[in-house]
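J.: Residue strings, one per chain:
Number of protein chains: 2
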Amino acid sequence: MINQLVKNIKKLDAPIVVGLDPMLSYVPEHIQKAAFDEYGETLEGAAEAIWQYNKGIIDSTYDLIPAVKPQIAMYEQFGVPGLAAFQKTCEYAKSKGLVIIGDIKRGDIGSTSKAYAVGHLGQVQIGDKKFSGFCEDFVTVNPYLGSDGVRPFMEVCKEEKKGIFVLVKTSNPSSGEFQDQEINGRPLYELVAEKVASWGEEVMGDDYSYVGAVVGATYPKMGEILRKVMPKSYILVPGYGAQGGQAKDLAPFFNEDGLGAIVNSSRGIICAYQQEKYSSFGAENYADASRQAVLDMKEDLKQAFVR
Amino acid sequence: MINQLVKNIKKLDAPIVVGLDPMLSYVPEHIQKAAFDEYGETLEGAAEAIWQYNKGIIDSTYDLIPAVKPQIAMYEQFGVPGLAAFQKTCEYAKSKGLVIIGDIKRGDIGSTSKAYAVGHLGQVQIGDKKFSGFCEDFVTVNPYLGSDGVRPFMEVCKEEKKGIFVLVKTSNPSSGEFQDQEINGRPLYELVAEKVASWGEEVMGDDYSYVGAVVGATYPKMGEILRKVMPKSYILVPGYGAQGGQAKDLAPFFNEDGLGAIVNSSRGIICAYQQEKYSSFGAENYADASRQAVLDMKEDLKQAFVR
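Those protein sequences? They're chains F and S, same order as listed.
Residue 44 in our numbering sits at position 44 of the first sequence; the count goes up by one each step and never skips.
Residue 203 in our numbering sits at position 203 of the second sequence; the count goes up by one each step and never skips.
Among these hints, one or two may not hold up.
Note that the list lumps identical chains together, so a pair holds whenever it fits in one copy or between two copies.
[To be verified] No farther apart than 27 Å at their CA atoms in a straight line, the calculated lysine-lysine pairs in the DSS-like style are these: (1) LYS221 - LYS94; (2) LYS248 - LYS129; (3) LYS55 - LYS11; (4) LYS88 - LYS114; (5) LYS88 - LYS302; (6) LYS129 - LYS277; (7) LYS221 - LYS88; (8) LYS88 - LYS130; (9) LYS114 - LYS33; (10) LYS129 - LYS55.
In short, the hints are calculated from the structure, not lab data.
None of these values were measured; they are calculated from a predicted model.
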């Protein structure tokens, strides 16, 4: 799947992933109204609203982007109906040829990580048959439990040719509280990155590994070091746009070949219509605003390569 | 809710939580058959089987134990139907007066942690109404993202009088890979524990804080230190039984008042009938075997207090 992701990125010349992280407040009135008319102001109604909203964005952007990254928390907050909308969104995006990066940040002791890996990337055995509970191509994984929390994901990735992005240095303001702590003169995130590199060597695709890393756009200097520590790992870069990361800060995340990183934007794309810049589209045409925002992001990212 | 948990523990004289972590292979034939006859060998059939299995265990143990700890991964592996079984299990256990500790190990950047907190411990706003997606009383939280990944959970806990257990030192063999790394001569897990203690001061119940910690039974010496670092935090102790932790190792996790820790057992209780010791119960009476295993665990734990 890493090969497919790289292929998509090259073909579209767009190292971009759209974060499908819908809040109900992002969903235009007319979509909310239709959903609530059908299902009432309920968890089911909210789930229908975010699904329809996502569908519009996928329909208007799928030909421009290699991948989408639904953040499962935004669905989980609506309980079981929300998670059904998550699954529907992943299936639909997949039917449009998009690579699905499930932002689930799971990680547990071995047998439990196995269950997450099977549920999101693999297949669960029931009697003589196998079923996919969810259907992502990649998921994000939290490394706090060490190798035996990560390896079960790697095993499923190997079988299914799928991949993971391990949290190395996250984009949030307090990420340094533990991640930056110095161990023998080097920060914890570098140790995690070294592990990512060595895990990655075990499950290589053509040019890049099945094991990637998450490094926030908000920490470009660390990105520069981490790029070198994990030369064969794709870096998933959150924090561009709404969280403060700028295009000029992104260069260090890429390799010389112009590959090696994929930049996420969530709010900046999915509720573009709420920004002054795109307000002329109007709420009815929110999906067209998202398409324009993708085109603008693609243009903006080119600055990352003006060295 | 921490007050309720302490009250339940005192009343039953049982610092025990039963981990409802069902694998399909744990579920007796007759339950699997009934579920598959009704729903086919499908995700729905598997979800029905684990729900019926859980119900039997809850019915036979609820008067002996203060709390249950469903591990969400075991449900998530069966997709949306599995998560519906998780929710049904939590609701049913709650109706029996049990405290629900959702072992979800979530943690993300602020706005995303907020969504998890709202979904599992709080209520989500939809139009004029509020809904609970899931209904745990406590959840486990991964600290790798630092304070702004944890605070949104604390805020919801404050509003709803609920609680969290933050992963400090996990029970698995590779937990030391990152958690034991020394920072200025002290391991990372101690730093996390200090944070837990200071977060905990902000949201105190009567005697213990809303913010507890997870420390594995498999690391009793670390438990001794951590008990002192976080005097007001309840410690959720996994790893007893199947993972190798023994009763005599548990003393350091408790305070002088005999409180301060709650010990989890999953496999040791829920599939007791598969152990030689309880084999005379037979698969039909698996729930009675679980009841006996709880009684035996209660007895066994008394050794922890023979100092």
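J.: Checking an output row: LYS88 and LYS302, CA cutoff 27 Å. Within, between, both or neither?
T.: neither (33 Å within a copy, 50 Å between copies)
J.: Classify it for me, LYS114 with LYS33: is the Cα-Cα distance of at most 27 Å met within a copy, between copies, both or neither?
T.: Between copies only: 25 Å across chains, 40 Å inside a chain, cut-off 27 Å.
J.: Reference check for the pair LYS88 and LYS130, CA-CA at most 27 Å: within, between, both, or neither?
T.: both (19 Å within a copy, 24 Å between copies)
J.: 27 Å Cα cut-off: does LYS55 pair with LYS11 within a copy, between copies, both or neither?
T.: The answer is within: 23 Å in one copy meets 27 Å, while 52 Å across copies does not.
J.: With 27 Å as the alpha-carbon cut-off, assign the pair LYS248 and LYS129 to within, between, both or neither.
T.: neither (50 Å within a copy, 44 Å between copies)
J.: Up to 27 Å between alpha-carbons, please classify LYS129 paired with LYS277: within, between, both or neither.
T.: Answer is neither: 51 Å inside a copy and 33 Å across each miss the 27 Å cutoff.
J.: For the identical chains here, do LYS129 and LYS55 meet the 27 Å Cα criterion within one copy, between copies, both, or neither?
T.: Between. Shortest inter-copy distance 26 Å satisfies the 27 Å Cα cut-off; intra-copy 30 Å does not.
J.: Please work out whether the CA atoms of LYS88 and LYS114 approach to 27 Å or closer within one copy, between two copies, in both situations, or in neither?
T.: both (23 Å within a copy, 23 Å between copies)
J.: Are the CA atoms of LYS221 and LYS88 at most 27 Å apart within a copy, between copies, both, or neither?
T.: Neither way: LYS221 and LYS88 sit 38 Å apart in one copy and 47 Å across, limit 27 Å.
J.: Measure nothing new, just compare the shortest in-copy and cross-copy C-alpha distances for LYS221 and LYS94 to 27 Å and report within, between, both or neither.
T.: Neither. Shortest intra-copy (34 Å) and inter-copy (49 Å) distances fail the 27 Å Cα cut-off.
In this structure, the earlier hints numbered 1, 2, 5, 6 and 7 are contradicted, and the remaining ones agree with it.
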